[in-house]
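**Q** Chain residues, written in single-letter form:
There are 4 protein chains.
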Amino acid sequence: MQLHDFSSVVLQYKVVCFDAYGVLKNHKGIIPGVQNTIHFLQQHNIDFYILTNDASRSPQQLADGYQQRGIPEITANKMISSGMMAWEFLRDKVDHGTVAYLGTSRSAHYVEDAGLKTVSIRDLDIDHADSINALVLLDDEGFNWETDLNKAVNLLRARNIPVIVANSDYTYPTSRNQVAIAVGGLADMLEKLVGKTFIRFGKPDSQMFTFAYNHIRQEQEIRKRDILMVGDTLRTDILGGNKFGIDTVLVLTGNTLSLKAQQMIERTGIIPDYICQSVVI
Amino acid sequence: MQLHDFSSVVLQYKVVCFDAYGVLKNHKGIIPGVQNTIHFLQQHNIDFYILTNDASRSPQQLADGYQQRGIPEITANKMISSGMMAWEFLRDKVDHGTVAYLGTSRSAHYVEDAGLKTVSIRDLDIDHADSINALVLLDDEGFNWETDLNKAVNLLRARNIPVIVANSDYTYPTSRNQVAIAVGGLADMLEKLVGKTFIRFGKPDSQMFTFAYNHIRQEQEIRKRDILMVGDTLRTDILGGNKFGIDTVLVLTGNTLSLKAQQMIERTGIIPDYICQSVVI
Amino acid sequence: MQLHDFSSVVLQYKVVCFDAYGVLKNHKGIIPGVQNTIHFLQQHNIDFYILTNDASRSPQQLADGYQQRGIPEITANKMISSGMMAWEFLRDKVDHGTVAYLGTSRSAHYVEDAGLKTVSIRDLDIDHADSINALVLLDDEGFNWETDLNKAVNLLRARNIPVIVANSDYTYPTSRNQVAIAVGGLADMLEKLVGKTFIRFGKPDSQMFTFAYNHIRQEQEIRKRDILMVGDTLRTDILGGNKFGIDTVLVLTGNTLSLKAQQMIERTGIIPDYICQSVVI
Amino acid sequence: MQLHDFSSVVLQYKVVCFDAYGVLKNHKGIIPGVQNTIHFLQQHNIDFYILTNDASRSPQQLADGYQQRGIPEITANKMISSGMMAWEFLRDKVDHGTVAYLGTSRSAHYVEDAGLKTVSIRDLDIDHADSINALVLLDDEGFNWETDLNKAVNLLRARNIPVIVANSDYTYPTSRNQVAIAVGGLADMLEKLVGKTFIRFGKPDSQMFTFAYNHIRQEQEIRKRDILMVGDTLRTDILGGNKFGIDTVLVLTGNTLSLKAQQMIERTGIIPDYICQSVVI
Chain A
1 MQLHDFSSVV
11 LQYKVVCFDA
21 YGVLKNHKGI
31 IPGVQNTIHF
41 LQQHNIDFYI
51 LTNDASRSPQ
61 QLADGYQQRG
71 IPEITANKMI
81 SSGMMAWEFL
91 RDKVDHGTVA
101 YLGTSRSAHY
111 VEDAGLKTVS
121 IRDLDIDHAD
131 SINALVLLDD
141 EGFNWETDLN
151 KAVNLLRARN
161 IPVIVANSDY
171 TYPTSRNQVA
181 IAVGGLADML
191 EKLVGKTFIR
201 FGKPDSQMFT
211 FAYNHIRQEQ
221 EIRKRDILMV
231 GDTLRTDILG
241 GNKFGIDTVL
251 VLTGNTLSLK
261 AQQMIERTGI
271 IPDYICQSVV
281 I
Chain B
1 MQLHDFSSVV
11 LQYKVVCFDA
21 YGVLKNHKGI
31 IPGVQNTIHF
41 LQQHNIDFYI
51 LTNDASRSPQ
61 QLADGYQQRG
71 IPEITANKMI
81 SSGMMAWEFL
91 RDKVDHGTVA
101 YLGTSRSAHY
111 VEDAGLKTVS
121 IRDLDIDHAD
131 SINALVLLDD
141 EGFNWETDLN
151 KAVNLLRARN
161 IPVIVANSDY
171 TYPTSRNQVA
181 IAVGGLADML
191 EKLVGKTFIR
201 FGKPDSQMFT
211 FAYNHIRQEQ
221 EIRKRDILMV
231 GDTLRTDILG
241 GNKFGIDTVL
251 VLTGNTLSLK
261 AQQMIERTGI
271 IPDYICQSVV
281 I
Chain C
1 MQLHDFSSVV
11 LQYKVVCFDA
21 YGVLKNHKGI
31 IPGVQNTIHF
41 LQQHNIDFYI
51 LTNDASRSPQ
61 QLADGYQQRG
71 IPEITANKMI
81 SSGMMAWEFL
91 RDKVDHGTVA
101 YLGTSRSAHY
111 VEDAGLKTVS
121 IRDLDIDHAD
131 SINALVLLDD
141 EGFNWETDLN
151 KAVNLLRARN
161 IPVIVANSDY
171 TYPTSRNQVA
181 IAVGGLADML
191 EKLVGKTFIR
201 FGKPDSQMFT
211 FAYNHIRQEQ
221 EIRKRDILMV
231 GDTLRTDILG
241 GNKFGIDTVL
251 VLTGNTLSLK
261 AQQMIERTGI
271 IPDYICQSVV
281 I
Chain D
1 MQLHDFSSVV
11 LQYKVVCFDA
21 YGVLKNHKGI
31 IPGVQNTIHF
41 LQQHNIDFYI
51 LTNDASRSPQ
61 QLADGYQQRG
71 IPEITANKMI
81 SSGMMAWEFL
91 RDKVDHGTVA
101 YLGTSRSAHY
111 VEDAGLKTVS
121 IRDLDIDHAD
131 SINALVLLDD
141 EGFNWETDLN
151 KAVNLLRARN
161 IPVIVANSDY
171 TYPTSRNQVA
181 IAVGGLADML
191 EKLVGKTFIR
201 FGKPDSQMFT
211 FAYNHIRQEQ
221 EIRKRDILMV
231 GDTLRTDILG
241 GNKFGIDTVL
251 VLTGNTLSLK
261 AQQMIERTGI
271 IPDYICQSVV
281 I
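Residue numbers (the working numbering), protein chains in the order written: chain A, 1 to 281; chain B, 1 to 281; chain C, 1 to 281; chain D, 1 to 281.
Warning: the hint list may mix true and false statements.
Note: identical chains are not told apart, hence a pair may lie in one copy or across any two.
Here are the simulated DSS-like cross-link-like pairs (lysine-lysine), alpha carbons at most 25 Å apart as the crow flies [what the hints assert, rightly or not]:
1) 224 - 192
2) 260 - 28
3) 196 - 260
4) 117 - 14
5) 192 - 117
6) 196 - 117
Worth flagging that the hints you see were computed from the coordinates, not collected in a lab.
Produce the complete structure using the sequences and hints provided.
**A** Right, here's the structure in full:
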């Protein structure tokens, strides 16, 4: 397995898209040295964006997290989240009524911003659910898993409504060795139990890459070959970037451990263009 | 869809195996008329057993439930549960150490009866899990879904141990229109998240039918053609009975609604030998 | 199930995207009356495109089929095929070497147009496959299923290369009651057997809708709410259109039979905005 | 990864069940030294059986293959095949009419021995299929994959009949580095395409282990702890043996390569009691 130096790779591109968790951040906070990488990009006129499967916070709140930790360059307009994809869908396809959601009240931001009324599954009276026109899975927190997952199953048996999964990750790291089940993992279980087809947003789906591409092209003329995707997860970041037709870097600071990277690439057939230890320069 | 009268069907057999939930019981208790059916069987010297995907109670406790509701003929030796299959596995293949479990402390009976120490996932210290030699999924109650399902995922990342699913049902009815997620549904999610192969007991797996068959043959000479399986669920009762080579009756008092029975049989290709409205005679 | 008149629906939009098979064509050829529908659209200044999961022919060859059957208005620039998505991927991500393919030599057009050398799996010597840099599944015809599917499995065991599925349909109709397995069905089997993740193009993937959208916007200013997707298949046309945020019409002239449409919508949870008997006006 | 000597392991048991392919045989024929192992077992009064996912030949024909290659001790009554399970099912549950099959005419033996008429899918007229009461998948040879798999799909769309898979293996080795798709792999594709639930026989299903156990107990009193299963495949031999409650040995002469054995055990969570290089003593 050949490791490349991130600085030599990144200098070949005009725009870099970073995954957030496992690339810029980990369970302890910002990965040391990331600030330096951002400065390096700016010095070399390389633009950057953050593509994150996160629907738990608004773009502004996501950016605030970086700014409060010493990286003022990461502003809300640099953030492209799977929650924004869900917001577009709700705006375009669910034009009235109330949307039920699984997640924190903070995550309901995306639904309310689309002009829709919201009700947490926690507060839903399943016997009076006739006005519910969609169910959105936003976050793994903010509800009681036992009572509210059961309530979601019964809602979907009673009402034939679209179900939107705003984050298709299965798990996320909570410490060096441990993970937690993400809302995408809960979504898979619910989908199988009710036998319906949910609508998933977030990497590897190309819709998020397309959104980023169109966003970037409003600022500058760019070709796909000038964009680099940097991620820690083969199944989302690398598969999604490859499929969209841009070059990809796997970093070893998150989900894919150094010792298992080569083995996982061979097993899955998901092949990054480069492997770097981290984005630290 | 041709409906048969249960009494005319059952008179062709020497032994009847009933599923419990949706056949003899529902969310309100014993289905009215079931007591009469049991008497009918006794009058005609037809033996009976109850094959249930239930690991939440011991056979004695399961039988007590019927006896307290007016059917003294249903004794512990009539009960054949998926929990008993799990108990056999633990006895034969996990001969020392501690077994972690998801379920109520009552359901841990099966593990303790196999001579093993138990610890509820609820009480497990994940950082001191070296003595855990198996994980058993017994019941959907008795633990906190959010904290304890996450703990189970991390246990299976840290320890390569067998995982036993003692009830492979996905859901169970809680009222006329509503269901709850069963431990088999949670098991499917965990299995996918950790990427390992769990060991499942309970219908449709033939191990439970074989256990019943051997059990019955200790009492009387019997051929498979003399045994009838009666159930409300195509995927478990009917598929399992068919595969084991015995005749099957679908009843419409549980999971399979009258209006959808024909459609579900055509869609799944799981074909009962008979359809009866109920076991009531 | 409420049926709408196609003409009254289509007048609300500026652009219509049609699926081909089951909507404009069937096993007998062009569906009678489709020519009239095309004229109706032109009279009302409604633009149209054809979005087809077809990689067996070039856009020009696809258009020729309509022109020879009396619809000269369907020209190559109206055709948007999953093969064009595969072509983009190959151009951007597989920049040298030889691409092996399953399909007719005609279908290899998409690969050769991307500037790559091709070899049919039929002609591949599996012991000299070191120069093969990708495998593309284009069509279910043009090879021997037994020998060449086995050869594909062994190629993917020997070489860790990207696999591109240029048509994700499972089956296609060959007569009023019969279907044939499409290359997307074969792809699913190969993917499971080798345990790798293939890259799929074609509806319901949003990449094809995005391509169409960008294509349309080169000709005119348009919003998503002005585009209508018309298809006969819930899993591809309707799911893909819904997810992309445009309105959808299910027609009953193809995969989804009148008698089963309502039942399939309820079972899958894939809900079209309208149902029309056909596109005939 | 600790390797055990096969002779020291086997001496702890009274009966050994061998998988055939990858354990006793490989693509070149009988593995050198296997004859010696059989003699060793006989000297120590250890009985043996062969449990094979093979429905392409009768038990007698399977045994003939060993006898002609110099192991006269392997007689027909030592062979327990998945084809025998299919035969039992057909005898018990499909009592009249004609059974269509995918496989060689030789493999149709199991169906004909159950007293049923057979027709190869190859010879079936799909428009006159009203008398077909079951479809059995026996072997990957003896039919044209393209025309006859398509015919099987259309048969299952026209007739709601049970489908029996008499060999659930996905692939089998054809040379040191290459494999071929087995009928179990084709079965998975057909099952997904038609959306029905097939009935699978063969390891890891416990029905085959139960059959062996009952067969052995007709000859001698035996407990499960006295039986050892020896196989080269985690997913079938080891999972099946573990679940049935008997001890298991993984050998490295077939599907599971030495270099990857530990990694595959960790990844799948299917844990053999012992690992031996081979059965050669």
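**Q** At most 25 Å between alpha carbons: which applies to residue 260 and residue 28, within, between, both or neither?
**A** within (22 Å within a copy, 34 Å between copies)
**Q** Classify it for me, residue 224 with residue 192: is the Cα-Cα distance of at most 25 Å met within a copy, between copies, both or neither?
**A** Answer is neither: 36 Å inside a copy and 31 Å across each miss the 25 Å cutoff.
**Q** Treating 25 Å as the Cα threshold, decide for residue 117 and residue 14: within, between, both or neither.
**A** Answer is neither; intra-copy 41 Å and inter-copy 30 Å both fail.
**Q** What label fits residue 192 with residue 117 when the C-alpha limit is 25 Å: within, between, both, or neither?
**A** neither (27 Å within a copy, 34 Å between copies)
**Q** Should residue 196 paired with residue 117 be assigned to within, between, both, or neither, using CA atoms and 25 Å as the limit?
**A** within (24 Å within a copy, 40 Å between copies)
**Q** Is it within a copy, between copies, both, or neither that the alpha carbon of residue 196 lies no farther than 25 Å from that of residue 260?
**A** between (35 Å within a copy, 16 Å between copies)
Checked against the numbered hints given earlier, this structure breaks hints 1, 4, 5; the rest are met.
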